[in-house]
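**Student:** Chains as they are written, first to last, in the working numbering: chain A, 1 to 422; chain B, 1001 to 1160.
Please note: incorrect hints may appear among the correct ones.
Unchecked claim - Pulled a few chain B residues facing chain A out of the computed Cβ check, cut under 8 Å:
{"id": "1", "residue": "Leu-1025"}
{"id": "2", "residue": "Ser-1035"}
{"id": "3", "residue": "His-1036"}
{"id": "4", "residue": "Asp-1040"}
{"id": "5", "residue": "Ile-1041"}
{"id": "6", "residue": "Asn-1060"}
{"id": "7", "residue": "His-1069"}
{"id": "8", "residue": "Ile-1090"}
{"id": "9", "residue": "Ile-1098"}
{"id": "10", "residue": "Pro-1101"}
{"id": "11", "residue": "Leu-1154"}
The hints are simulated quantities; they were obtained by calculation from the structure and are not laboratory data. Idealized CB from N, CA, C, for every residue including glycine.
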Amino acid sequence: MGMTMSQKILAAHAGLDSVKAGQLIEAKLDMVLGNDITSPVAINVFNDGGACQVFDNTKIAMVMDHFTPNKDIKAAEQCAQVRRFADKYDIKNFYDVGQMGIEHALLPEKGLVGPGSLCIGADSHTCTYGALGAFSTGVGSTDMAAGMISGKAWFKVPSAIKFVLTGKPAEFISGKDVILHIIGMIGVDGALYKSMEFFGDGLQYLNIDDRLCIANMAIEAGAKNGIFPVDDITREYTNGRFKGEAKEYYADDDAEYDAEYIIDLSKLRPTVAFPHLPENARTVDEIGETEVKIDQAVIGSCTNGRITDLRAAAEILKGKKVANGVRCIIIPGTQSVYLQAMHEGLFDIFIEAGAVVSTPTCGPCLGGHMGILAKGERAVTTTNRNFVGRMGHVESEVYLASPAVAAASAVTGYITDPAKVR
Amino acid sequence: MKAQGIVHKYGDNVDTDVIIPARYLNTSSHSELASHCMEDIDIDFTKKVKNGDIMVAEKNFGCGSSREHAPIAIKASGISCVIASTFARIFYRNAINIGLPILECDTASKEIKSGDEVSVDFDTGIITDITTGKTYQAEPFPPFIQNIISDGGLINHVTK
């Protein structure tokens, strides 16, 4: 029986000719990731376990992105603990304020993950790197600690769901609309324990940022990973950037899938996930013009903080003003995205519109800082989760959308179809 | 290995943000995390939970973030076992890695009610609702997970 893309990467890293769904394997890791929230727990476990060395100081990444620049004393202490660990063990990929970006925007950009990589990260959105043809999945801090010690992790080989994307998306349709549509269709546990593997002629219309966004939210359907086949769009991004040895793995023709969905991208409409689950998807056509009044718009995060996301927002905000009573917060994903957006003049557009531009941080996405909601407030955001209390007060509401929808909504003060704002 | 206690019952898709809100993730202290466990879904949980109590929920328990703080907060609050119809995969892994016993059992998760007294035998996977007298069969841990648990968690397992 043939293997899926995910199964082939796992087999190669386990030193096996083939694997099948359900098999338990131990595999070698190319990258182990942690952030300022999950690394302290992993470091405690590492020390408690009596470890005194890491398996490879070039294959560990620690990114201070969640509560940074330090939001309070406790957050500062956590970063200090990670900084001391990184110094002691000479961790080469330690990223502090000034170099850091949001981890899942940063690692691909720095070339730390690429085609064929096997990566675990103590952050659920580690699945993002599947966009580059890697097998990459989120784990907890103990798995991170064990990975830092041994360079290995155990996996139960996942079965897969096949998503065939066809057709050309219309204007204003981005990767975010694709993944919100899919999660709306299969539910927040629709891919539980499985791989989401993407195929089809529609992939040629999805740029690398669209793909990173789609793979990023695979976890919101419960998936173990999301993965795209490597093509010219991937190679254009990873060639000369990826520091490892790129290996391309393609699914066998006779690979088995638990289910197959065909999605016509040309039929998709701008899509919004209503509180309090990412599966509560509605198209903008199903939302009344003044149905959802917003207090805040957030454009950024590991889902949508890349340069094409900021360009999409700028295209809408150019020459317009953020509505009275709305706070519009724009957060470039990395220092490099920040610099590029600045050079392209996007910050002039944002600031003249009445938006603010923040340094890279996960901040408001998880209700950390830099844009917390009060009781009863509503935000339209390009982030990835709209659970109860996710961005602040337990009685606040989060609506997930693309950068174009978030920017258009910031202008009108209500959740709005971007085509109506242009 | 066995557990017995009073049940705290929840529904579908209990996410890690309600198990331990991110605003408390500026600490890794187990007792401090436990003091905010379930706060955004059940404000009285920390007042009513007793050592050995059992948490029961329906599908996709622990969905969302990879924060190990979530199973840590549950374990440190005194919960001896979580029974659910299904678990989100990262939570499932984390619970095993830190030694919080979990069992998947669809009928038990639907029929057991808050306040019931329940016992669990981890070796056989048998769940008994002492209040109603009903028993349920869950899949016991596979051998490789039993090895991790018998070694005292993943770290002891890999450093053995």
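**Student:** Next step is simple, just say for each hint if it's right about the structure.
**Tutor:** Hints, verified against the model:
Checking B/Leu-1025 against chain A by beta carbon gives a least distance of about 5 Å; that is within 8 Å, so the hint holds. Among the interface hints, the one on B/Ser-1035 is violated; its C-beta lies about 14 Å from the nearest C-beta in chain A, farther than the 8 Å criterion. The beta carbon of B/His-1036 comes no nearer than 12 Å to any beta carbon in chain A, farther than 8 Å, and the hint placing it at the interface is violated. Hint status for B/Asp-1040: holds, given a least beta-carbon distance of 4 Å to chain A, under 8 Å.
A least Cβ separation of about 7 Å between B/Ile-1041 and chain A falls short of the 8 Å threshold, and the interface hint therefore holds. Interface restraint check: B/Asn-1060 against chain A, minimum CB-CB distance 4 Å, threshold 8 Å, status holds. Given the 8 Å rule on beta carbons, the hint for B/His-1069 holds: about 7 Å separates it from the nearest Cβ of chain A. Taking 8 Å as the C-beta contact cut-off toward chain A, the hint placing B/Ile-1090 at the interface holds, the least distance being around 5 Å.
Nearest Cβ of chain A to the Cβ of B/Ile-1098: about 6 Å, under the 8 Å cut. The hint holds. A cut of 8 Å between beta carbons decides the hint on B/Pro-1101: the least distance to chain A is about 15 Å, and the hint is violated. Hint status for B/Leu-1154 relative to chain A: holds, with the closest Cβ pair at about 5 Å, below 8 Å.
Of the numbered hints given earlier, the model fails hints 2, 3, 10; all others are met.
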